[in-house]
Amino acid sequence: MTLNTSIICSLARSVIIASIAVWPVVMLGAGIEASRTIRARRWRFLLAVFPYFLPELLIGFNYRLTATLLTAGTSPLTAAICTEGLYGLLMLSRGMAVGVCLSMLLPRGNASAAALHAWVLLRHTMAAATWWAGWWRLKFFGAWQVPLVAWSVMALVTFQEFETAALLQIDRAPISWSVWLFDAHAGGLPLWDSLRLMVGPVLCELVILGPALYMLLLRPVADENGPVSNDGLNARSSAWKSVRYAALVTPGIVLFVLWPLMHNFLPIVRGGMLLLNKATLRQSLVEILTSTGFAVGATVMSLGIALRICAAFQSSPRAFGSRVFWISLLLPGLLGSLVLSLALLAMFQLPGLRGLYDTWLPLLLGQTMAVLPFAVAVGLLLTRVSDPAALHTAKLLAVSQESRIRRQMATLRWRLTTGRWLLGGLIVAHRCFWDVTVASILRPVQVEPVVTRLYNEMHYGRTEALLSLAILAALTPLAIAAAAMLLSRLATICTSRSSN
Amino acid sequence: MPSSAANKITLAMAIVLGVALFLPWLLHRNAPPDTLLVLYCAHDSVFADSIIRQFEAKTGITVQVRYDEETNKSLGLTNLLISERAQPRCDVFWNNQTLGTIRLKREGLLATLDPAVFARIPTPFKDPDHQWAGFAARLRVYLVNTDRMPASADDVAAALQANSLSNVAIAVPLFGTTLSHYAVLGDQMGLAGLKVWHASLRHRGMREVRGNAAVKDLVAEGACDFGFTDTDDAFAAIDAGKPVTMFPVRLETGQTICLPNSVAMLHNCPHPKAALRFIEFLLSEEVELALANSGSRQIPLGPVDHAQLPTDVVELRKWAADCISLEGAAEHHDEVLKWLTSEYTGQ
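First to last, the sequence lines map onto chains A and B. Taking my numbering, the leading residue of the first sequence gets 1, the next gets one more, and so forth. Taking my numbering, the leading residue of the second sequence gets 1, the next gets one more, and so forth.
Source of the hints: derived by calculation from the structure; they are not laboratory data. Careful: at least some of the hints might be erroneous.
[Claimed, not checked] Quick look at which bits of chain B chain A covers, simulated, 3 or more residues with Cβ under 8 Å:
no., segment
1, 19 to 25
2, 41 to 50
3, 53 to 67
4, 199 to 209
5, 272 to 282
6, 340 to 346
[Stated by the list, open to error] Only some residues are given here: those of chain A computed to face chain B with a beta carbon under 10 Å:
no., residue
7, V26
8, A30
9, A166
10, I170
Quick reminder that beta carbons are idealized off the backbone N, C-alpha and C, glycines included.
Just chain A, same shape as in the assembly (with noise of 0.2 Å):
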C-alpha cells in the first residue's frame, strides 16, 4: 500500500461521506428550525451535533471489538467491506454532526430566492454567458452556500480522521492515509520526510476546503446578516419534518450513546467503584486538571485569535490580501492534529526554538493552533446570533426600582453575554481536552495531560480503569466549568444590586 493508493481511498471516502452526508443535514436543519419552541430547538440541536463531541479514543476503542467481531471467521474482502463499512458509518453520523452545526452556526446566504427568481425573469435580456456567471454567483451565495461550505468542512474532517481508524483498523481496512503517515514515520522515517510527504495530503484538503475558502474570500460582505430567522419556529412546523428529523438523528444517538453504554455498561459501574477505592484518585485528578488547564489556555489564545479574525470579516471590506492572511491562521489547524504536531516539533527542533522545546509553549501552541478553527465557527456564532435588542431591553430593566424585576434582568443580562461565552468557551476547551495526538506529540515531560494516560489504559485493554477514568475525565472539567458559570452569574448579580 502507498501513500498516493491510501490518499486517494481517504479522498474517495471523504467526498462519498460528505456527499452523502450533505442530504441528511439540509433535512436536519430543516427540522430543528420545525421546532415548536426555542426549547425544543435547542434539544434538537444538541441530539444532532452530540456525535461530533465524543471523542474519537472512545469511540474506536469501543468499536474495535465490534470491527473484529464482524470479521471474524470472513475472507479478507469480506472483512475489508466490513471494517470500511463501519468506519464509513461512524464517519457519516459524525460528519452530519458537524454538517448540522455549521448549518446552524453559518449566515443564510446573500441572495434570496426572490433575487433568483428575479434573474430567471431575466434570462433573454442579456448574453447566455453574462446569464448562466449571475446565475451561478446567485446560486453559490444563495441556497448552496450552506450545504457547499458543510460539505468542505464534513470532507475534511473525515479525510483528517486518524484516532478511529487507526484502532479499528484490521488488515489494512479502513485504508486512510493519517494512519500510513504515522506508521511511516514510527517504522524509522526521518521526521523532515515525513513532513515531505505530507504535502500530497496537504494538496488534497485545500481542494477538500476549496468551495470554502472560495465562499469566504469572495463571499460580497456589505449585505452582512442579522441574527438567524426564527420564520421556522411557526408556520413551517410540522409533523413530517419532526419525524424525518427523528428518523436521521437516531442511528448517530445508537452508536454514539446507546451501543457503546449497553456494551459497557457493567464494566463502567465496576470500573467508578475501582476507581473510588484506588489510591490513584488523586493522580488521576491532577492529571485531569493538568488537561484541564492546557485547555482553559488554548481556549483563551484560541478564542481571542478567532475574534480578531472574526472582526476582521466582519467589519468594512477588506482588502483579498488581508482575508488571504486571516484564512491562512486557520489553515494549520484545518491540516489537522497529525500534521500539525509533526510539523510544530520539527519546529521547536530548530536551533533557535530548541530552547522552548521541553517547556509548556509548544502544547499550548499545538492546543491553540489545532482548535483555532473550530474556535472561529464558535466565535462567528456567538457575535452573529446575537439578540442586540434583548440585550439592551435587559440593560434598561436592569435599573428598575423593584429588585426582583433588577435581579431577573441581571441573570439575563448575563445569559446574553459572560454565560454564552462561557458556553461556547467550554465547547471549545473540549476539543483542546480530548486531542490525544497533540498532547501525546507535543507534551513536555513534566506534565502528563489524562488522555496520554487513557490511551495507556486503552493498551493494556483495562476497559474498567479507562471507561471510570474517561467518566472522571469527562466530568470533572463539566464541574468546574459549572462551577464558573454559577460563580460568574451570581457576581453579575452581585454586582447589579451594588451599582443600584
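For this one, chain A is given, so just place chain B on it according to the hints.
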C-alpha cells in the same frame, strides 16, 4: 470589536502565555540537578509506576517520566530520542525490549558505564561495551481461546498449517515485540525465508491488528481462536477470567523468544548522577522480584531468591531457559524493519 474588549482579550492572552512560560520555571527553579531525573519509559505505566515511586521514596530524587502511549499514538520513544539528539532532555531510557536500545547504541546516543553497574546481569543479556543491560523479560506466546479450540501446543502447530488463518491474529509487525519477533525470524530464516513465511500468513488470511493488546482482546472475546502476543498481555486476559491459555512460541530449533526490558543512560544527559542511581536500582534483585510479582509477571534474568517468585513465573523461567540469543536478531533488525516499512507503506 470594541477596543475595550480587544484589550481585555489581549490581556487574557498575555496572561496565558506568561503562565505557560514562567510557571514551570517557578516550579522547578530551586530543584538541585542531582535530585531530578528524566526517564523515558516504554514499559507499561501501570507496572512501572510503583517501581519509580519506590525509587523516589528511597532516594529523594524526583523522577519525571514520559511513557510510551501505545503504537497508535506514540512516535516511538526511540525515534523521539534520536530526534532530540542535539539537546537530550532524557537521562535514562527504560525500554521494554532490547532492539530499540541497540539501535540507539548504533546511533551513538548511549553513555558507556562502569561494568560493575551491570555485574548482576548474566552476559547474554547485556551489552559487551557496557552501554545497556537487560532485565525482567517477557516471552512471545500463543494465546489460545480454550472455548474455541483444543488447548495444546500441537493443536496450535496444526492450526498454523491450515489453509485458512482467518481466525488467527497477529499485531502489525512494524512496532514493538512483534517487530522483535520478526527480527528473530529474519535471523533464523534469512530475509527471503521470512518474506515467504509472512506472505503465506497473509495469503491464508491471518488477521492483522494494531498491537498485542488488540490480539489479546480478539482471542479473549472469542473473535479469534488464537494469536501471537506477549506473556504480559496473556496474563491480563487470564487475570480477567477469560477462557484462555498460553504456549510459548518456539522456533524450528525448539528455542523460545525471550524479550528482556533494557536500561541505558543517554550520552550527555542532564542528570548523570541520578541516572546512575536509577540504573543501579532498576537492575537490583528487589526490582526484578517486584516486576515478577506484578501483574505482568516479568521473568528475572539475574540471580533472585526463588522462594519469592510466583508460581506463574517459575513456569515461565523454564520456557525462558530455552531462549534464543538476540544478538543475531539485533543484526537483522534494521534489514527487517526496512523491508516491513516497504511492505506496509511502499517506501
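Hint check:
Counting residues of the segment 19 to 25 of chain B whose beta carbon lies closer than 8 Å to any beta carbon of chain A gives 5, which meets the minimum of three for the stated coverage. Counting residues of the segment 41 to 50 of chain B whose CB falls under 8 Å from any CB of chain A gives 3; the rule of at least 3 is met. For the segment 53 to 67 of chain B, the proposed coverage by chain A is satisfied: 4 residues have a C-beta within less than 8 Å of a C-beta in that chain, meeting the threshold of three. Here the segment 199 to 209 of chain B counts 4 residues with a CB under 8 Å from a CB of chain A, which clears the bar of 3, and the coverage holds.
For a cut-off of 8 Å, the count of residues in the segment 272 to 282 of chain B with a CB near a CB of chain A stands at 0, and the three-residue condition is violated. Residues of the segment 340 to 346 of chain B with a Cβ under 8 Å from some Cβ of chain A number 5, which satisfies the need for three, so the listed coverage holds. Look at V26 (chain A): its Cβ only gets to about 32 Å from chain B, farther than 10 Å, so that hint breaks. Evaluation of the A30 (chain A) hint against chain B yields a violated restraint, the C-beta minimum of about 33 Å exceeding 10 Å.
Evaluation of the A166 (chain A) hint against chain B yields a held restraint, the C-beta minimum of about 4 Å falling below 10 Å. Proximity of I170 (chain A) to chain B holds as hinted, the smallest CB-CB distance being about 6 Å (cut-off 10 Å).
Of the numbered hints stated above, those contradicted by the structure are hints 5, 7 and 8, listed in ascending order.
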